[in-house]
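**Student:** Using the hints, position chain X against chain H.
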Amino acid sequence: MSALSIRDVKKRYGPVEVLKGISIDVEDGEFLILVGPSGCGKSTLLNMIAGLDTISSGEIAIGGRVVNNLSPKDRDIAMVFQSYALYPNMTVRNNISFGLKIRKIPKEQQEEIVSRVSKLLQIEALLDRMPSQLSGGQRQRVAMGRALARDPALFLFDEPLSNLDAKLRVEMRAEIKLLHERLKATIVYVTHDQIEAMTLGDRIAVMKSGEVHQLASPQEVYDDPADLFVAGFIGSPPMNLIRAPVAEHDGCVGVSLHNGGEAFFFPAPEAIQGGLSKWTGREVIVGIRPEQISDEISRGLAREGHVKRRAKVEVVHPTGPDTLILIELNETPVTCRVHPETMVRSGQMTELMFDLSKLVFFDPETERRIR
Amino acid sequence: MADGHHTQTAGSHRVGRIVIYALLVVFALYYLMPLFVMVTTSLKTLDDIRTGNLISLPREISFDAWIKAWSSACSGVSCNGLKGNFINSVSFVLPAVAISTLIGAFNGYVLTMWRFRGSDVLFTLLLIGCFIPFQVVLLPMAQTLGYLGIANSIPGLIFVHVVYGLAFTTLFFRNFYVTVPPDLTKAARIDGAGFFTIFWRIILPLSPAIIVVSVIWQFTQIWNDFLFGVVFSSGERQPITVALNNLVNTSTGVKEYNVDMAAAIIAGLPTLFVYIVAGKYFLRGLTAGAVKG
Chain H
3 MSALSIRDVK
13 KRYGPVEVLK
23 GISIDVEDGE
33 FLILVGPSGC
43 GKSTLLNMIA
53 GLDTISSGEI
63 AIGGRVVNNL
73 SPKDRDIAMV
83 FQSYALYPNM
93 TVRNNISFGL
103 KIRKIPKEQQ
113 EEIVSRVSKL
123 LQIEALLDRM
133 PSQLSGGQRQ
143 RVAMGRALAR
153 DPALFLFDEP
163 LSNLDAKLRV
173 EMRAEIKLLH
183 ERLKATIVYV
193 THDQIEAMTL
203 GDRIAVMKSG
213 EVHQLASPQE
223 VYDDPADLFV
233 AGFIGSPPMN
243 LIRAPVAEHD
253 GCVGVSLHNG
263 GEAFFFPAPE
273 AIQGGLSKWT
283 GREVIVGIRP
293 EQISDEISRG
303 LAREGHVKRR
313 AKVEVVHPTG
323 PDTLILIELN
333 ETPVTCRVHP
343 ETMVRSGQMT
353 ELMFDLSKLV
363 FFDPETERRI
373 R
Chain X
4 MADGHHTQTA
14 GSHRVGRIVI
24 YALLVVFALY
34 YLMPLFVMVT
44 TSLKTLDDIR
54 TGNLISLPRE
64 ISFDAWIKAW
74 SSACSGVSCN
84 GLKGNFINSV
94 SFVLPAVAIS
104 TLIGAFNGYV
114 LTMWRFRGSD
124 VLFTLLLIGC
134 FIPFQVVLLP
144 MAQTLGYLGI
154 ANSIPGLIFV
164 HVVYGLAFTT
174 LFFRNFYVTV
184 PPDLTKAARI
194 DGAGFFTIFW
204 RIILPLSPAI
214 IVVSVIWQFT
224 QIWNDFLFGV
234 VFSSGERQPI
244 TVALNNLVNT
254 STGVKEYNVD
264 MAAAIIAGLP
274 TLFVYIVAGK
284 YFLRGLTAGA
294 VKG
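Protein sequences, first through last, are from chains H and X.
According to our numbering, the first sequence holds residues 3 to 373 in order.
According to our numbering, the second sequence holds residues 4 to 296 in order.
These are calculated hints, taken from the structure and not from any lab test.
Just so it is clear, the structure is predicted and the values come from calculations on it, not from any experiment.
There's no promise every hint is true.
Covered, in the sense of this in silico footprint (three residues per stretch, anywhere, with C-beta under 8 Å from a C-beta of chain X), are these stretches of chain H [claimed, not checked]:
hint : region
1    : 73 to 79
2    : 89 to 103
With the Cβ distance kept under 7 Å, some of the chain H side facing chain X (calculated, not the full set) [what the hints assert, rightly or not]:
hint : residue
3    : L54
4    : S85
5    : F267
Ideal Cβ positions, reconstructed from N, Cα and C, are used throughout, including at glycine.
Pulled out of the complex, with its shape left as it was, chain X reads as follows:
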């Protein structure tokens, strides 16, 4: 009797497992489908695309579309591929991510370890910055960039993204640092360390997890940004997202789906790369408390 009961529950347990895994596989396939279509299409020739169907495998693998997307596809009047725009994006995304993360860390440090009169109010105001839509700041930002003489330039884009990202990075670091015991800074002050020494030698070394969070967040946001890119840059200096849009929307000649797909993947690869490299720290950083007391 007891045995029968036991095998019965084990059996139903097993059925449950199978259902769960089956569902997970279905969802995974559902989400992987677009990627699959993109990758296979980018590796097909135009003939192959015209005669085959959407989800068929390429008859022969060809990297021509990738090469074209990278170096000779036309967007607008120029036909230099995405290469230049990719470099543009890298050249403003890396500094913008680094600067906004560093300033965010610094802000978080000041707002938690060196509270001053009004520091909470300041933090609340910064938080509101997280909720301001991009569109609202376009005109004032354009004016500001004009005053500063960095309109339509890479430094201008860096400036815009640093300013916009500060609200988020400050929030990340501030919320991480409130879990750091204040005794740590007190001990360091008594040991003779000053404001910056404490930041560099004590606080920043505690922060890899939250730095990763900030970097992933900022990198994704800034790399994928379209609006600031299309408004505050033009021609040669456009970031890859804008160039991708122009490339896909260029209406002369035959629609080259393979080149479009390759271009889209090229534009998406860096964020994918950041997630894969730093992803395992991401969740850890979001959920972990700082220092065990």
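In isolation and in its complexed conformation, chain H is listed as follows:
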């Protein structure tokens, strides 16, 4: 039995369909991420799981119980909001115990829960303060404390880290992960930040315009994107997507690329040969991650599936751990990730290793993967 089951859920506001049939099953103890650009319907879906919004059709079940017509308080859930949503007129202690009070849980038990939760989140010293006296990170801790106090079947997080500054966000991210591992809680977590999605999730649902484009583990979403949108959305810097004609050389199907006057032929990986051969003579979109175009220093010796090519460097962006350089393939800017000790300047020619074993190809019309 799954902790949360979403079956063909649709949502319409008048004639506008904002969710177009979502189906997701979340296992007990699983950390599911809903990720996508703003307006993709991820927060709407979360609100509908919480019962703060009604669904137009379909079914949502929590712990095997259909909750379509249950109010939020009867769904056995807790939610953490982006704006923290702490009650400004109550102390931290009362914020945490408010839900328990409403549920008429005995006083002693309330106190015990508050002290257990505040110890877990290290907010014991803050219990008698007002929310206005807390920093952003502390407020988010209290908001999580309020959710934990309820000990629900399902935790819902609505972009909880988006209001924090970059450093604190990384810290809190690590803490949420630790908390999840310790509590074995089932979590649905909405974010627009693909790094949060990659680091936290057991599985990621990549959403766009009310549809789930791919639902898979972070590594799968990264290495094996279902379509052009997922390929472009997950990864930072994003995957390079280049339009290129399919050609055949020595019985091997691949794509033709050029840099300046120099033409390259990149053969497709073995598994895609068959699928791609139908495209010979037509254009496809080929995807290659920045780290698959590197230099010899970081790659060591050339391996199977790697080819070495010379290209002209357009722009150099040092980031510290890596240096990103831009080259041009088929008039498209392409990002490559090279070792920072590789001293290159813009305008220079440089030698780059292309790892062709992970090339992916997309249909330019349907944007689906060619397999």
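**Tutor:** Same frame as chain H, but now just chain X:
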């Protein structure tokens, strides 16, 4: 050179300050003048008024005029002072202010946190209520009060003022509550709080600033109202503003300016009191956003 320049600008700065303060003092005196005349006149005897001039200080301070205005001045045929009318005013102003503020808060809460189909239209219609002149509703209101059986009574006046004030109080609270993050009500709903619990335990405790605004506004409006008072009440039940008018316009005997002035001050004191007590919250409430996110 540089020093000279410096002192020169400091000097002109100083002159500017003096001009500003002088102007402010002149304006303050100009506005305080009527009050000064009222207070001094009310403390004079009639002889003093006849022989002295308008802005002279009383030769001897006498509270007789105040006592008379409060308990024995004549308006029309009765000679009981303003005492009874003052109590009348208090007895309908306090409930009217409290009820209209509370309903306004409730309306604002519903219109922002529990939007429904047509809630914006409803709010717009309520807003139009702010622009309807008193005179327009006199006749229909008189009929309505008759139907309800509360014509010419204190409950009738309360009803009139609550209905008329709702447009304003709703506007105040609605505009205050749109700045409250909607996540707050969502969190409370998930915590298990219902419609009224959220209002009483979460939303209302956020509202002291806007409650003060609403109370001051409503208190001033209702206490100072003359038209509804003169139309919808009579005799014993008249509010103080109507009684003051009758008292000043009573034409038998000598014109007692000291009593008139004392009566006018008595009629104005409660609003002054409300401003002084709650005034510092007033501006804060008008300008402040609600909750820091």
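**Student:** Look at each hint and say if it fits the structure.
**Tutor:** Going down the list of hints, with the structure as the test:
Coverage of a stretch by a chain is defined here by at least three residues with a beta carbon nearer than 8 Å to that chain's beta carbons; for the region 73 to 79 of chain H and chain X the count is 4, and the condition holds. Judged by the Cβ-Cβ criterion of 8 Å, the region 89 to 103 of chain H is covered by chain X as claimed, because 5 of its residues qualify and three suffice. A least Cβ separation of about 5 Å between H:L54 and chain X falls short of the 7 Å threshold, and the interface hint therefore holds. For H:S85, the interface hint holds, the least distance from its beta-carbon to any beta-carbon of chain X being 5 Å, beneath 7 Å.
At about 55 Å, the closest approach between the beta carbon of H:F267 and any beta carbon in chain X exceeds 7 Å, and the interface hint on this residue is violated.
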